[in-house]
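Trainee: Sequence:
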Amino acid sequence: MSPIDRKIRPGPFGVINLASAARNDLSLFVEICIEGFGFAENAKEVATIWASRRKARVMLFLKVPIEHAESLEEFAKVHGELEFSYLYCLVSLRLWSILETFIKDLSYEMLLAFPELQSIEALKELKDHFYLF
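Here the sequence shown is numbered in the working numbering, starting from 53 and rising by one per residue.
No lab work stands behind these hints, which were simulated from the structure alone.
Just the calculated beta-carbon pair ranges, DEER-fashion:
hint, residue 1, residue 2, range
1, Ser123, Gln170, 53 to 63 Å
2, Ile86, Phe166, 38 to 48 Å
3, His120, Phe166, 51 to 61 Å
Don't be surprised by glycine CBs; every beta carbon is placed ideally from N, CA and C.
Use the sequences and the hints to build the structure in full.
Mentor: Here it is as structure tokens:
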């Protein structure tokens, strides 16, 4: 789904499609991060190869990428041993946000699509809590 298609379309199915796309994006993000950890584990080697292929005038800056590569390797090692808990904490917050927005938007769209739902007493009690009407 392209960014242009990510507008909320009217109705419950538009909300469902948007939440599904957000969840798919999150899944791809996790895959990219996990792959990135694989590269970070070998960052010094990657930086050395990268620097060796650059022109001599740029070689003066080799020390900075190598030092940075060492910090990347250390970070990847620590978080790899922790089974990527930092990444999964971030992902769980985003997933919760997607779910929360999905429920709120779906409820709103359902009430618009089926106005007769607004007459249900239990939903009237929720009115003040969720600002749906």
